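One line per chain: the protein sequences are A and B, in this order.
Throughout the first sequence, residue numbering follows our numbering, covering 1 to 79 in sequence.
Throughout the second sequence, residue numbering follows our numbering, covering 1 to 230 in sequence.
Treat the hints as calculated values from the structure; they're not laboratory data.
A quick note: this is a predicted structure, and the numbers were derived from the prediction, not measured.
Glycine included, C-beta positions come from ideal geometry on N, C-alpha and C.
Treat the hints loosely; a few may be bogus.
[What the hints assert, rightly or not] For lysine-lysine, the following DSBU-like pairs were computed, each having C-alpha atoms within a straight-line distance of at most 30 Å:
(1) A:19 <-> A:40
(2) A:19 <-> A:56
(3) B:35 <-> A:40
(4) A:2 <-> A:75
(5) A:56 <-> B:35
[Unchecked claim] Partner residues are not named here, just some residues of chain B that face chain A (Cβ under 8 Å, in silico):
(6) 61
(7) 108
(8) 148
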Amino acid sequence: MKAVVTVMLKEGVLDPQGKAIGHALGVLGFTGVGEVRVGKRIELDLAENDPEAARKSAEDMGSSLLANLVIESFKVEIV
Amino acid sequence: MKAAIVVFPGINRERDMAIALELATGHRPRMIWHKETVLEGIDLVVLPGGFSSGDYLRCGAMAAHSPIMPAIHEHARRGGHVLGVCNGFQILTEAGLLPGALLRNAGLRFLSMDCHLRVERADTDFAGHYQNGQVFRAPMAHGDGNYFASAETLNRLEGEGLVGFRYVTPTGAITDAANRNGSQRNIAGIYSPNLRVLGLMPHPEDLVDPLMGGTDGKPLFDGLAAALAA
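Using the sequences and the accompanying hints, generate a full structural model.
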């Protein structure tokens, strides 16, 4: 099964990359862009065939390595 | 003082650290490869600066799970001394040995320049050869040195006197301009509750000899050598 883990900085944590991208979009003439946040997408090929077990496994990976829960949150999708 | 420097792949400041420790103690520190699992007869473990595992995922994220790390946790649990500088500080936070995290510098730029640090408390084994409130110069070289922690954690650090060093002007004032990486409350270094684990973003080991342009960082190593002399 494939799991997609999306890691984002938590609300309230400064995201200078997002700010820089938002600024550049404004320079390019794109209007109406509010806050821009940047995250990471991590795709995992898992040997597991049971979706729930795959989800549990990916969530364990998320909390132990893929995300730093002090500053980031993550979500898992099984695809 | 018996010191050991842990070498992770991608680390590049281990020899600078060895020079600083040898100048202070007269002994060459042990170099420990990160795949080793035992730390014996060591008073001070140093996690040096560099780019462990290429800073992939997050700075220090892989190193925090290296085979040597359980022995470092055990060393700290027994009250052993640990110094993490730059990437070493990032590794200590990733490993949960110190609270908070080091984010991307607020201005997004890699900062390679001198900064000024104020000694927030001199009554520790690390800062004993400085004076309270003393300002000293230290080189910094990092892209992710922006110290972040929750307001609750910051208040606890301040309340318990665990903020060791802050970014200040040359005259010791806490200003935003002196805080180039955007760290919360100008924090450059923090201690564990027992004051035996120090994480520090700038590099005192790179100013320990007049040939390096100054000796502002030397008191840190001399202080450690004196405190841990046995």
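- Message: Going through the numbered hints above, which ones does this structure break? Give me the numbers in ascending order.
- Response: Those not satisfied come down to hint 2.
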